[in-house]
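Chains as they are written, first to last, in the working numbering: chain L, 2 to 480; chain P, 2 to 480.
Because the hints were derived from the structure by calculation, they are not lab data. Be careful, since some hints might not be right.
A pair holds if it fits inside one copy or across any two, identical chains being indistinguishable in the list.
[Stated by the list, open to error] In silico SDA-like links for lysine to any residue, alpha-carbon gap of 20 Å or less:
no., residue 1, residue 2
1, Lys124, Pro166
2, Lys351, Phe415
3, Lys351, Gly439
4, Lys247, Gln414
5, Lys246, Asp292
6, Lys310, Thr438
7, Lys351, Phe341
8, Lys283, Ala63
9, Lys350, Ala120
10, Lys34, Glu419
11, Lys135, Arg313
12, Lys221, Leu479
13, Lys433, Leu479
14, Lys188, Arg450
15, Lys241, Ala456
16, Lys34, Gln409
17, Lys310, Asn89
18, Lys283, Gly462
19, Lys188, Gln408
20, Lys350, Gly119
21, Lys283, Thr438
22, Lys165, Glu407
23, Lys61, Asp76
24, Lys188, Ser453
25, Lys241, Gln408
Number of protein chains: 2
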Amino acid sequence: MTGKEVEMGSGNESPLEQIFNPRSIAVFGASEKLTTMGTYQLMNLRGSGYPGKIYPIHPKLAEIQGLQAYQSVADLAEVPELALVTINAESAIRVFEELGKAGVKRAIVISGGFKEVGAEGRKREQELAEVAKKYGIRFVGPNCIGIINPWYPLNLTMYPYRMKPGAIGLASHSGTYVTQSLVYLEKFGIKYAKAVSLGNEANIDIVDAIEYFGEDEKIKAIALYIEGIRRPREFLAAAKNAGAKKPLVAVYVGGTVAGARSGSSHTGAMAGADEIYEAVFKQAGIIRAPDVQSLFEWSFTLAHQPRLKGNRIAVCTNAGGPATSLADALERAGFIVPEFSPALQDQIKKMVPPTGSAKNPVDMTYSIDLEAPYLKIPLLILESGEVDGMVIHGIGGGSWYQGLSEQQTGNFQFPLEEMSLWCDTVFQKLAKIPETTGKPIVTSSFAGREDSAVALVQDLGLPCFPTPERAVLAMAKLR
Amino acid sequence: MTGKEVEMGSGNESPLEQIFNPRSIAVFGASEKLTTMGTYQLMNLRGSGYPGKIYPIHPKLAEIQGLQAYQSVADLAEVPELALVTINAESAIRVFEELGKAGVKRAIVISGGFKEVGAEGRKREQELAEVAKKYGIRFVGPNCIGIINPWYPLNLTMYPYRMKPGAIGLASHSGTYVTQSLVYLEKFGIKYAKAVSLGNEANIDIVDAIEYFGEDEKIKAIALYIEGIRRPREFLAAAKNAGAKKPLVAVYVGGTVAGARSGSSHTGAMAGADEIYEAVFKQAGIIRAPDVQSLFEWSFTLAHQPRLKGNRIAVCTNAGGPATSLADALERAGFIVPEFSPALQDQIKKMVPPTGSAKNPVDMTYSIDLEAPYLKIPLLILESGEVDGMVIHGIGGGSWYQGLSEQQTGNFQFPLEEMSLWCDTVFQKLAKIPETTGKPIVTSSFAGREDSAVALVQDLGLPCFPTPERAVLAMAKLR
């Protein structure tokens with residue numbers, strides 16, 4: 002790391018600003034062969050709807066994927082703002098000389114074969130860094146999988162990003178958790194504002210990412226996947242600084258012998274003892290997640306829900322099992338699930354069938370009424386002042402109705418459209434309650450986004466997780 | 002509980018035998034109104050493909066959902082083997098008199114309004130139990146949601162069961178976890194052999210279910226969701242007895258004040274201190290799961306994978322992040338992730354690109370080769386004798402390819418069918434390795450069943466969970 006240079010013509014000093022927002026990109030290593038990574042990355046870059054200019058660079062081909070190709074950046078009519086390098090390690094060093102001479106100042110190096118493969122690779126990485134230093138090139142990687150900026154839009158990875166832009170800024174030492182995880186995140190509507198796969202961090206590192214994400218107003222929570230921190234002092238300062246503006250959540254996996262060995266083979270990271278990282282996270286105000294699932298779920302919740310101002314939680318559902326699971330999990334997590342005052346219970350009872358319960362948990366039991374459990378009762382409870390937040394199980398309904406109508410052997414006329422519309426109306430209003438009351442709601446549902454109500458609340462920032470207990474774990478992070 | 006009567010004409014003495022396998026069913030409470038539960042249950046009973054006879058009983062209607070309806074069981078030409086009762090509590094008692102007089106010996110009472118609603122309901126429940134005793138009726142419920150026997154097939158709940166029959170026997174105090182959870186389980190190919198929602202357990206209880214499931218050869222693992230145990234001594238004996246034949250996994254949620262209060266409103270269960278249940282589970286050899294997600298994932302894994310004979314686990318993947326997460330999580334769970342012998346590493350290295358790692362974790366890094374990481378290397382490692390089991394991340398591939406082909410703007414001819422076929426062939430063989438080597442494999446993938454390879458391995462009994470860490474948690478239960 003050589004310190005930061007001030008960028009001309011950019012409001013943000015970070016070297017990442019131009020990497021996430023380039024007006025033109027030179028792509029090295031793409032062709033039309035389906036066996037090379039660069040081919041997929043160029044495919045995705047175009048598929049993402051990137052509005053800037055793309056210049057494939059190739060020693061032989063005159064056209065790649067329908068675009069005019071060039072033999073060298075020197076042949077271009079302009080100096081591209083970013084270079085994407087997916088060729089082998091030796092060639093990458095040579096290309097960096099070419100980039101430097103042409104005046105290209107930003108790059109992403111996907112290529113592996115550097116520090117992660119041992120002594121020889123380490124030498125190559127040093128060489129790459131030296132060429133970059135000579136020409137003032139700032140770069141992400143090597144041995145990374147690229148970046149995604151859905152707001153631009155720009156996707157330089159080999160996996161499609163098919164969601165809308167979101168509020169999470171992800172910086173990861175694993176490219177897999179930036180890209181392969183996308184099909185998983187799609188199932189919960191967990192969206193990126195920006196994501197970077199850091200790779201070996203020969204130049205730009207996680208500290209740069211935290212500093213940059215801290216300033217980005219579209220990013221409401223920062224998610225970190227860490228195999229090892231190279232600049233602990235700067236990391237601490239950057240995390241504290243960003244933490245004053247938005248929450249940070251991190252997974253650290255280098256604390257075990259096997260984890261450290263694996264990380265070293267992966268990105269050449271030098272991992273440290275678990276307790277040291279635990280202490281650093283604590284001092285920096287970073288919430289530590291035990292796994293990647295929690296990292297994403299908690300970041301999403303923190304990005305969209307108001308903080309808890311107290312410890313009292315209400316439970317509302319139309320199902321007794323989840324009511325009990327939620328109450329049990331909440332108390333285990335240190336929350337109070339207070340029995341409501343008689344006055345409040347009386348008001349709730351008017352909307353609950355006699356077989357249900359109005360005490361807290363509120364259990365509607367079987368009822369096809371949606372407005373009471375998912376709108377009127379939550380609002381009544383949150384406005385009562387008797388609790389500080391709420392967990393709800395059972396978002397959805399349209400998909401159940403759909404399933405029934407498909408399986409029936411009779412001739413029933415299911416009012417599917419009306420049902421779906423009604424669900425959407427109720428849940429849309431529910432999703433807005435946290436904003437108006439200042440109190441968080443986290444939900445769960447066994448249904449996924451195949452149910453339009455689930456998709457709707459998730460897209461409105463109301464977390465909806467697959468099991469009751471996961472909703473409680475996320476709620477606990479809002480304290 | 003009045004002790005068991007010996008059943009005539011049935012190989013199994015349990016009162017549940019006929020409830021799960023009735024040749025004829027009388028249905029009380031079904032109509033064509035979409036606001037009553039019985040309507041949906043009759044709909045599902047027929048939709049499930051139940052081959053027996055169905056007799057809707059209704060005071061007024063002559064035909065219901067296209068079936069001839071009767072005013073009373075006394076009007077039927079035969080004595081139905083089972084009655085499904087979904088009418089209100091008062092009427093249910095009256096119907097039990099009618100059933101008794103007609104000679105019906107088995108029932109499922111869905112109706113709520115009994116013990117779970119307080120003193121008056123408790124009285125009603127006692128009355129129901131007494132009528133049953135008078136006539137020798139054995140029944141599930143009241144306040145339950147029914148049973149599912151996909152092997153018959155028979156589905157008496159209001160939720161569609163759309164999967165094939167499986168190997169899990171589920172007994173639950175929550176109907177939600179039997180039914181609403183189905184859409185969740187469908188996403189992981191977790192299937193029931195039999196499932197019963199126990200409700201208030203006025204007659205048949207969880208002890209009966211464990212005894213019955215213990216004898217059922219189609220059931221390879223028993224999953225229990227417990228709000229409170231009414232017969233602890235018998236529970237212990239039944240669990241030990243069944244546990245000699247197959248594993249039992251249980252969630253207990255009554256151990257907190259809020260959980261106990263909620264359970265009491267839900268099924269009238271009397272919960273006990275958490276430590277007591279912990280001790281009972283330990284003595285009975287029951288694996289305790291912290292949540293419903295784990296209950297299902299662990300039961301599935303135990304039902305299909307051989308037990309671990311040692312503590313050494315190999316990790317194999319094509320992604321560095323999951324490799325590190327898996328190694329870290331395994332060590333935290335008390336496993337050893339041994340570095341392979343030089344000889345084994347040399348053999349693996351022949352199949353791994355130079356940027357990957359052959360040490361353990363095996364990390365293929367980016368590679369479109371599937372056979373090496375998902376077939377040849379796993380087999381080589383498991384046959385080497387250097388480990389006792391294996392965790393793999395990254396099942397799938399077809400869906401990624403599909404996604405790319407959809408997003409591309411060029412004119413690429415993706416060999417989608419060949420790719421999908423190749424994936425399926427490789428993963429089908431992988432799924433059979435545990436059987437041939439006697440060593441368990443548990444896998445994870447961010448892709449779900451939208452990827453045919455994921456669906457395929459799950460259907461072959463190879464667990465594939467959404468995150469690496471969940472695979473490790475499940476593996477830990479195979480010790």
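Right, here's what the structure says about each hint:
| no. | hint | in the structure |
| --- | --- | --- |
| 1 | Lys124 with Pro166 | neither (39 Å within a copy, 57 Å between copies) |
| 2 | Lys351 with Phe415 | neither (28 Å within a copy, 60 Å between copies) |
| 3 | Lys351 with Gly439 | neither (26 Å within a copy, 59 Å between copies) |
| 4 | Lys247 with Gln414 | neither (50 Å within a copy, 45 Å between copies) |
| 5 | Lys246 with Asp292 | neither (24 Å within a copy, 34 Å between copies) |
| 6 | Lys310 with Thr438 | within (12 Å within a copy, 55 Å between copies) |
| 7 | Lys351 with Phe341 | within (14 Å within a copy, 66 Å between copies) |
| 8 | Lys283 with Ala63 | neither (55 Å within a copy, 71 Å between copies) |
| 9 | Lys350 with Ala120 | between (71 Å within a copy, 17 Å between copies) |
| 10 | Lys34 with Glu419 | between (49 Å within a copy, 16 Å between copies) |
| 11 | Lys135 with Arg313 | neither (59 Å within a copy, 48 Å between copies) |
| 12 | Lys221 with Leu479 | within (14 Å within a copy, 41 Å between copies) |
| 13 | Lys433 with Leu479 | within (17 Å within a copy, 44 Å between copies) |
| 14 | Lys188 with Arg450 | both (6 Å within a copy, 12 Å between copies) |
| 15 | Lys241 with Ala456 | neither (34 Å within a copy, 44 Å between copies) |
| 16 | Lys34 with Gln409 | between (49 Å within a copy, 14 Å between copies) |
| 17 | Lys310 with Asn89 | neither (53 Å within a copy, 43 Å between copies) |
| 18 | Lys283 with Gly462 | neither (27 Å within a copy, 42 Å between copies) |
| 19 | Lys188 with Gln408 | between (24 Å within a copy, 18 Å between copies) |
| 20 | Lys350 with Gly119 | between (68 Å within a copy, 15 Å between copies) |
| 21 | Lys283 with Thr438 | neither (30 Å within a copy, 45 Å between copies) |
| 22 | Lys165 with Glu407 | between (31 Å within a copy, 17 Å between copies) |
| 23 | Lys61 with Asp76 | within (14 Å within a copy, 88 Å between copies) |
| 24 | Lys188 with Ser453 | both (12 Å within a copy, 17 Å between copies) |
| 25 | Lys241 with Gln408 | neither (55 Å within a copy, 39 Å between copies) |
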